[in-house]
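2 protein chains.
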Amino acid sequence: MTADQPLSREQLHELAQQLRVDSVRAAAAGGSGHPTSSMSAADLMAVLLAKHLRYDFSSAEKRANDHLVFSKGHASPLLYAMYKLAGAIDDEELLTFRHFGSRLQGHPTPEIPWVDVATGSLGQGLPISVGIALAGKRLEHADFRVWVLCGDSELAEGSMWEAFEHAGHAQLDNLIAVVDVNRLGQRGPTMHEWDTSSLAARATACGWDVQEIDGHDIEAVDAAYERALAAGVPAAIFARTKKGSGVAAVEDQPNQHGKPIEDPAAAIEELGGERSLRVEVKRPPEPQPYEIVREAVERPAYESGEKVATRAAYGDALAWLGAIDEKVVALDGEVGNSTYAERFAAKHPDRFFEMYIAEQQMVAAAVGLQTRGWKPFASSFGAFLSRAYDFIRMGAISAADFKLCGSHVGVSIGPDGPSQMALEDIAAFRAVLDSVVLYPSDANQAVELLDAMRRHRGFSYMRTTREKTPVLYEAGETFEIGGSRTLRTGDDDAVTLIGAGITLHECLTAADELASNGIPARVVDLYSVKPVDAGTIVVAARETGALITVEDHWAEGGIGETVAGVLARAGSGTPLVSLAVSGRPGSGPPEALLAAAGIDSAHVVSAAEDVVAGNS
Amino acid sequence: MTADQPLSREQLHELAQQLRVDSVRAAAAGGSGHPTSSMSAADLMAVLLAKHLRYDFSSAEKRANDHLVFSKGHASPLLYAMYKLAGAIDDEELLTFRHFGSRLQGHPTPEIPWVDVATGSLGQGLPISVGIALAGKRLEHADFRVWVLCGDSELAEGSMWEAFEHAGHAQLDNLIAVVDVNRLGQRGPTMHEWDTSSLAARATACGWDVQEIDGHDIEAVDAAYERALAAGVPAAIFARTKKGSGVAAVEDQPNQHGKPIEDPAAAIEELGGERSLRVEVKRPPEPQPYEIVREAVERPAYESGEKVATRAAYGDALAWLGAIDEKVVALDGEVGNSTYAERFAAKHPDRFFEMYIAEQQMVAAAVGLQTRGWKPFASSFGAFLSRAYDFIRMGAISAADFKLCGSHVGVSIGPDGPSQMALEDIAAFRAVLDSVVLYPSDANQAVELLDAMRRHRGFSYMRTTREKTPVLYEAGETFEIGGSRTLRTGDDDAVTLIGAGITLHECLTAADELASNGIPARVVDLYSVKPVDAGTIVVAARETGALITVEDHWAEGGIGETVAGVLARAGSGTPLVSLAVSGRPGSGPPEALLAAAGIDSAHVVSAAEDVVAGNS
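Chains A and B supply the protein sequences, listed in that same order.
Per my numbering, the first sequence starts with residue 1, numbered consecutively.
Per my numbering, the second sequence starts with residue 1, numbered consecutively.
Note that these hints are calculated values from the structure, not bench results.
One should not assume that every hint holds.
Just so you have them, the derived chain B footprint on chain A, three or more residues with Cβ under 8 Å [stated by the list, open to error]:
| no. | segment |
| --- | --- |
| 1 | 53-59 |
| 2 | 154-165 |
| 3 | 201-207 |
| 4 | 330-342 |
| 5 | 381-393 |
| 6 | 585-595 |
When the alpha-carbon atoms are kept at most 30 Å apart in a straight line, the in silico DSSO-like pairs for lysine-lysine are as follows [said to hold, decoys possible]:
| no. | chain 1 | residue 1 | chain 2 | residue 2 |
| --- | --- | --- | --- | --- |
| 7 | A | LYS259 | B | LYS347 |
| 8 | B | LYS62 | B | LYS51 |
| 9 | A | LYS307 | A | LYS347 |
| 10 | B | LYS51 | B | LYS347 |
| 11 | B | LYS51 | B | LYS307 |
| 12 | A | LYS51 | A | LYS137 |
| 13 | B | LYS307 | B | LYS347 |
| 14 | B | LYS307 | A | LYS259 |
| 15 | B | LYS259 | B | LYS347 |
| 16 | A | LYS347 | B | LYS51 |
| 17 | B | LYS259 | B | LYS137 |
| 18 | A | LYS347 | A | LYS51 |
| 19 | B | LYS259 | A | LYS468 |
| 20 | A | LYS259 | A | LYS137 |
| 21 | B | LYS62 | B | LYS137 |
| 22 | A | LYS307 | B | LYS259 |
| 23 | A | LYS137 | A | LYS347 |
| 24 | A | LYS259 | B | LYS327 |
Going by beta-carbon spacing under 10 Å, a handful of chain B positions derived as facing chain A [stated by the list, open to error]:
| no. | residue |
| --- | --- |
| 25 | HIS99 |
| 26 | ALA118 |
| 27 | SER159 |
| 28 | ASN255 |
| 29 | ILE397 |
| 30 | LYS468 |
| 31 | ALA555 |
| 32 | VAL563 |
Because the structure is a prediction, the values reported are computed rather than measured.
Cβ coordinates follow ideal geometry from the N, Cα and C atoms, glycine included.
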């Protein structure tokens, strides 16, 4: 069948039946999976694939291709059946579903070239699609459309409503959400079942064009897509469907979620048997060129001894990166005057995205933007990035290239109190697949490391300090991901002090005091917490009598445990004392809080004296 | 002034002016803070305190007291000014705002007896209040009301809409959200500024009674509260206000967020000067008794050698705990047939809360429920609890007593793929203030540890395994938080294998194989990852030649680094090899995935042989 000749309702129904049959077959072959959640959306996706999607499956990289995101990632059998219907995969591959080594995993991942992002944690596909649509609308002025198949259960996730809100605000008329309202969640009925009125009213209030249709009425589906494409605003189609539709044994039945059909042969027969239909999916139009205006910005450089907060350096450096790399874009969660993302916005307003206080949508938009080759830097207080942890986790599973900056880390922020202090970000972001975690200790280093993040592909994170700290390094000095810098060293060092960020300055102060007490101390700036410079640590362990780590972070999963892991792998018996935030912090001046947490220079001195005395 | 005599509009205005003046004074004394965000809501809170709130400040524990939650926690000066107006604190204490050691921190925390939960991470107060309201409505059938002061900026957080949705669904007529629509966020205008129509339409669609008023019109405010109390459904009041209202220099001005008024003396004069008014806040009615029905449930006990998934034991044990402790309640994120929370629901339906797929609201509700003395256990897939990380972080800052269970951890879940695998939960939850992280290795141990979680006060987390594993321990055997169990030990152990959960079984298999190869191995079940049994590890390090940790989790922040930290603190030079999930997992059978990740028994054997050979 080709798109040139109009397909009859019967022909479209046949396509949908093939999608159902193949969903049943894939799940049967895989021994697990979600055929019933696939069958409910088969008519919706058959009409989309045959009549409206514009996609050159032979060239997934094609810039003008539409995007198709399965926000309900568990409907992967349907997605893979669509690939077969489009001729992108063959039947043999379809039946490798969920097999070890197959790219047709339980939930879609970008190991498949036509998949933009991994889904399967519900409530993420739509907010990520907002990012893709923003790229098309705001940056590329492109004709592609973003189609998102959503589940009804996932509309309970607040992140979906962040997406409705933001898409309406940004008037993303290239975004079409198709909601498969099949009434049944994993364990039973959804909150609203088939009453779509509340959901529709909310989407309407967010500025969307909203339709409520019968998702098995092929003509209604077709008409809904026609209207959505012409809406001029983001469009939502709430399609009432039956889970497991087409097979009486499971159709609209409870306890049929996430498992193969018990009798697949009978189901396939009831659906009219196996088919080998193919559709010619419409090709996208030729992509149009677009232009990015780049205002010139000097590379920031700070004078030695000057006091500059690394968060301010982040803003300066980001503005500079925007000038040297037109792919750099920035997002912020309504705190740009604190993270200093506003300095990028001032220079490159077209490439700045104000995401308001919606950190999940912010990170999701970053992940969406990078699917189009943009290099997103997103910032908020480090503490509030914890809000988006699941999105970061999934972004890494997508192997997405996105960069985050968390400001206001640690107790050293002072009077705002513990709700605003990131004390878990190193631990949380180290425990992300293939992540990079950087913690600059001065402003010039922050500039260099941010450029390193720009060049790095994958998820990277920089934590920045609220307080101003003295500039230590020369402007333009090179710092690499995975490196460290030894600031004080001598042949008779009795102890090594390891810090990063604000605690490096405490280490330097402590080293001065220790020196005057006759205890020479090495000082290492461990600005790259992951990957870590194990070599320097191991040498320090061998050459000095003891190591002391100091961090403005909880002990768990932070710099101390990173170093402990290095020593353990090396089989080193050198004593390690790890100073980290202990107790429950409150409000107060930064110095008082550093002291109360046990991580100021006085505590470093005391720990060093104790460990050296113990060693001697 | 007392509540007995009706207060005039002028008198109420005077109270509001005192709240403004004291907000200005507190921020001036603290040298930082959010006076303008306080002043916008002064009229709203003056009328509430003087006329509608029922609260005995002399007895914060009083069960019948209303609850007042500042979801916009940065308006803390206003809250503390209200305490002064109510006579709960004196002027001297008010002026300790944000001082080191003062309980009047930058954002409210429960160190103050009248504060239920810490706020300051926006978008949390309302969802937590849903939990408090659920306690009143569903469990206690109590008369108290929950008043929540929300900001307009935080309505961008999806978690707020999870709360609107859930409160509407649960018909929480004891919940009143007062939204201070002051039009200005931290860095500039909000998305909707004073156009409350979209927000109002959405709240209405969620089933709330909605009013849009002028938040500085004292009579309108009063009337709005009257209507809200009689609404019979949750009530939202969208009150248009001016940030910094009452002081021309800052009123509705940009760049006035989060800082003291530049000229406080002039501002105080403009507001009519300092006042020392006091209101008698209405006392609550006498609390009514309520009754909890407890169906008898036997303590679960599993036969040695039987294969039982620890997630199933979670469900069985939770049902039993519900029978022995009427304060135990359970929540689940629409996956109760996978986490087995459904087994609690079947026995104790009145104490089970279906939270749908809204993990933030689920954890928030747990935190809310525990403010009333309930012992909430909330469950979902471990991977999806990452969605609620900021709520868990803040719950710990609140010193809240709540318990989470994450199922389906690690690559061993098999075919569903990486989106469903919790591989970061140990790291993330260890890095939470005063947390407990447990990882049972068999079903009987899971029962005992869940009871230990019930008895523990604070945040505790249990990770459970999807796959069935053999029962190792006798029913009723005691396991304590902070303990471990040595399963194999001998005088000539060459190596210690440390696992937990599914990897303990790999360790046991490996120990058998090593024994047959002439390498005696000790095996330790490190079921309590935090706090950890350092003593047993240190002894093993001393008595055996090497340690090997094995975990179905990323290397960062997991069991391996926990053990490395212990060894480092002890100055041990015993070699440690940490096996953890490496590479990007996909779909497949659990055995294949454990092997591919490098954490099955074959990898343990090989690592042990290598390290023993290296030592000899």
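Hint check:
For the segment 53-59 of chain A, the assignment as covered by chain B is violated, since 0 residues bring a beta-carbon within under 8 Å of that chain's beta-carbons and 3 are needed. Counting residues of the segment 154-165 of chain A whose CB lies closer than 8 Å to any CB of chain B gives 9, so the stated coverage by that chain holds, three being the minimum. Counting residues of the segment 201-207 of chain A whose beta carbon lies closer than 8 Å to any beta carbon of chain B gives 6, which reaches the threshold of three, so the coverage claim holds. Look at the segment 330-342 of chain A against chain B: 6 of its residues bring a Cβ nearer than 8 Å to a Cβ of that chain, three or more, so the hint holds.
Three residues within the 8 Å Cβ limit are the bar, and the segment 381-393 of chain A against chain B gives 7, so the coverage statement holds. Residue count for the segment 585-595 of chain A with a Cβ under 8 Å from a Cβ of chain B: 6. That meets the three needed, and the coverage hint holds. The straight-line distance between the Cα atoms of LYS259(A) and LYS347(B) is roughly 26 Å, inside the 30 Å bound, and the hint therefore holds. Restraint check for LYS62(B) and LYS51(B): the C-alpha separation of about 19 Å stays at or below 30 Å, so the hint holds.
A distance of roughly 24 Å separates the Cα atoms of LYS307(A) and LYS347(A); the hinted pair therefore holds under the 30 Å criterion. Distance hint between LYS51(B) and LYS347(B) is unfulfilled; the C-alpha atoms sit about 43 Å from each other, more than 30 Å. Using a Cα cut-off of 30 Å, the hinted pair LYS51(B) and LYS307(B) is violated, with the two alpha carbons roughly 61 Å apart. Annotation: proposed proximity of LYS51(A) to LYS137(A) holds, straight-line Cα distance about 23 Å (limit 30 Å).
Pair hint LYS307(B) plus LYS347(B) holds up; C-alpha atoms about 24 Å apart against a cutoff of 30 Å. The hinted pair formed by LYS307(B) and LYS259(A) meets the criterion: a straight-line CA distance of about 22 Å does not exceed 30 Å. For the given pair, LYS259(B) sits about 53 Å from LYS347(B) by alpha-carbon distance, which is inconsistent with the 30 Å threshold. For the proposed pair LYS347(A) and LYS51(B), the alpha carbon gap of about 51 Å is over 30 Å, so the pair is violated.
For the given pair, LYS259(B) sits about 39 Å from LYS137(B) by alpha-carbon distance, which is inconsistent with the 30 Å threshold. Between LYS347(A) and LYS51(A) the CA atoms are separated by roughly 43 Å; this puts the pair beyond 30 Å, and the hint is violated. A threshold of 30 Å between alpha carbons decides the hint, and for LYS259(B) with LYS468(A) the separation of about 18 Å falls inside it, so the pair holds. Between the alpha carbons of LYS259(A) and LYS137(A) the distance comes to roughly 39 Å, so the proposed pair goes past 30 Å and is violated.
With a C-alpha separation of about 17 Å, the suggested pairing of LYS62(B) with LYS137(B) holds against the 30 Å cut-off. Restraint check: the Cα-Cα separation between LYS307(A) and LYS259(B) comes to about 22 Å, which is no more than 30 Å; the hinted pair holds. Between LYS137(A) and LYS347(A), the direct Cα distance comes to roughly 20 Å. Compliance with the 30 Å bound is thereby established for this hinted pair. Distance check on the hinted pair: LYS259(A) and LYS327(B) sit about 36 Å apart at the alpha-carbon level, beyond 30 Å; violated.
Interface hint status for HIS99(B): upheld, as the beta-carbon distance to the closest one in chain A is roughly 7 Å, under 10 Å. A cut of 10 Å between beta carbons decides the hint on ALA118(B): the least distance to chain A is about 6 Å, and the hint holds. Nearest Cβ of chain A to the Cβ of SER159(B): about 5 Å, under the 10 Å cut. The hint holds. Against a cut-off of 10 Å between C-beta atoms, the interface hint on ASN255(B) holds, since the closest Cβ of chain A lies about 8 Å away.
Among the interface hints, the one on ILE397(B) holds; its C-beta lies about 5 Å from the nearest C-beta in chain A, closer than the 10 Å criterion. Residue-level restraint check for LYS468(B) is violated (minimum Cβ-Cβ distance to chain A is 15 Å; threshold 10 Å). Because the smallest distance between the Cβ of ALA555(B) and any Cβ of chain A comes to about 8 Å, under 10 Å, the interface hint for this residue holds. Taking 10 Å as the C-beta contact cut-off toward chain A, the hint placing VAL563(B) at the interface holds, the least distance being around 7 Å.
Consistency with the previously given hints fails for numbers 1, 10, 11, 15, 16, 17, 18, 20, 24 and 30, ordered from lowest to highest.
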